[in-house]
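Order-wise, the sequence lines are chains A and B.
Under the working numbering, the first residue of the first sequence carries the number 999, and numbering increases by one thereafter.
Under the working numbering, the first residue of the second sequence carries the number 11, and numbering increases by one thereafter.
No lab work stands behind these hints, which were simulated from the structure alone.
Every value quoted in this text rests on a predicted model; they were computed, and no experiment measured them.
Ideal Cβ placement from N, Cα and C applies to all residues, glycine included.
Certain hints may be false.
[Said to hold, decoys possible] Reference listing, derived: stretches of chain A covered by chain B, where coverage requires no fewer than 3 residues with Cβ under 8 angstroms from a Cβ of chain B: (1) 1004-1018; (2) 1140-1147; (3) 1176-1183.
[Said to hold, decoys possible] Covered by chain A, per the in silico footprint, the following chain B stretches (three or more residues, Cβ under 8 angstroms): (4) 14-27; (5) 34-41; (6) 44-56.
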Amino acid sequence: MALFSKQNKEVFCNPLNLDNPILVQVLGICSALAVTSQLKPAIVMGLAVTVITAFSNVIISILRNTIPNRIRIVVQLVVVAALVTIVSQILKAYVYDVSVQLSVYVGLIITNCILMGRLEAFAMMNKPWPSFLDGVGNGLGYALILVVVGAVRELLGRGSLLGFQIIPDACYDWGYINNGMMTMPAMALILVGIVIWVHRAYFYKEK
Amino acid sequence: MKLNTNSNTYIIIYSAVLVVVVAFLLAFIFKALKPMQDANVALDIKKQILYSLNIRDLDGAEAEAKYAEVVKSEVEKDGIKYYGCELDGQTKYVFPLKGMGLWGGISGFVSVDDDLNTIYGAYFNHESETAGLGAEIKDSQAWQEKFQGKKILSDNGDAAIAVVKKVENAASEVDCVTGATLTSNGVSEMLRDGLVRGVKLLQAAAPDADAIEE
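With the sequences and hints as input, model every part of the structure.
What follows is the structure, given as structure tokens:
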């Protein structure tokens, strides 16, 4: 089995673009709206989801032949919940300020539809390596949108990126004002809508 | 051997083993990371105290060192806690406060000059106020700076400090956060309760005597 066969590449790359969990499957929207008011929490959240989807996919894929069919959702939940708890503890220990910012949303990764969706649809019937790639792909696809939305919101809402001021003081002297609307969750919804619109307009024309 | 993964015995044993394994794993990780998490929480409180003393740009070890340099004592008596601090040769008192916001608890640290009446700096924190509205009490440094120089008590010794919609007494009143009246009221209540009591207690007890003890 080639590690990067054509099939495996598709498993990895599709969720980044044509089968993006947020843009096309429209999963995981709630957390995407909540944690994107600044770039840093968006990046950390994206990484956390990537790690959790990748490893829960691998674990479920390894166990897939032993899992009793009648309690498979319960088993999936236990694995996801354990991983989420571990990640949130690690965040609290190593990046405390980010974990305060993400607050409840790390815990809510458990209910992130992307996770359960990938476990049911992919990991339950594929080998560990493709499952790992699928998890990383979907996590990064999710992270990508979070980063785009987070960057736009922080730039327009606070005039900075990752906490560094981007818009020069001269602009403020000329009367430029940060758009407070951008820090509100409602604007994230509109931005995600715009990204989905652009994405569809572009790729549906190609087809 | 082909296991029957749908038999009741198998399902019960499988779930029991899974849960026990996960429980041990989590317990181990909690234990291993606990000291670091506690250190983070302790550092966070120290940083908040420094924020209330208008020292806002320090992080990590720097904040730790500055805290050790500035905060001289931590006193608790009659249910009032305060930190005695020494900043540029002047004595400041930092009072930790707790109150209620709109959706959850709010807290804060307020530093007071040694006349025990003038606010030197303030920092507020919240658990779950609305981002962009109530959360401004924590996020907006400009709003916290409005408290600097405000008088806590009026001339006849009554509580005067307040967060109000329309400032009439500019010496003691601070404009509330637009769109967050209830959170602002919570801050106001918190100041009038904890801060006023703390200041009065210290005024009554000639504070200089116990400010030096460690």
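Hints, verified against the model:
Counting residues of the region 1004-1018 of chain A whose C-beta lies closer than 8 angstroms to any C-beta of chain B gives 0; at least three are required, and the coverage claim is violated. For the region 1140-1147 of chain A, the assignment as covered by chain B is violated, since 0 residues bring a beta-carbon within under 8 angstroms of that chain's beta-carbons and 3 are needed. Three residues within the 8 angstroms Cβ limit are the bar, and the region 1176-1183 of chain A against chain B gives 4, so the coverage statement holds. Counting residues of the region 14-27 of chain B whose beta carbon lies closer than 8 angstroms to any beta carbon of chain A gives 6, which meets the minimum of three for the stated coverage.
With 4 residues having a beta carbon nearer than 8 angstroms to a beta carbon of chain A, the region 34-41 of chain B meets the requirement of three or more and the stated coverage holds. Residues of the region 44-56 of chain B lying with their CB closer than 8 angstroms to a CB of chain A number 6, which satisfies the three-residue condition for coverage.
Hints 1, 2 from the earlier list are contradicted by this structure; the remaining hints agree with it.
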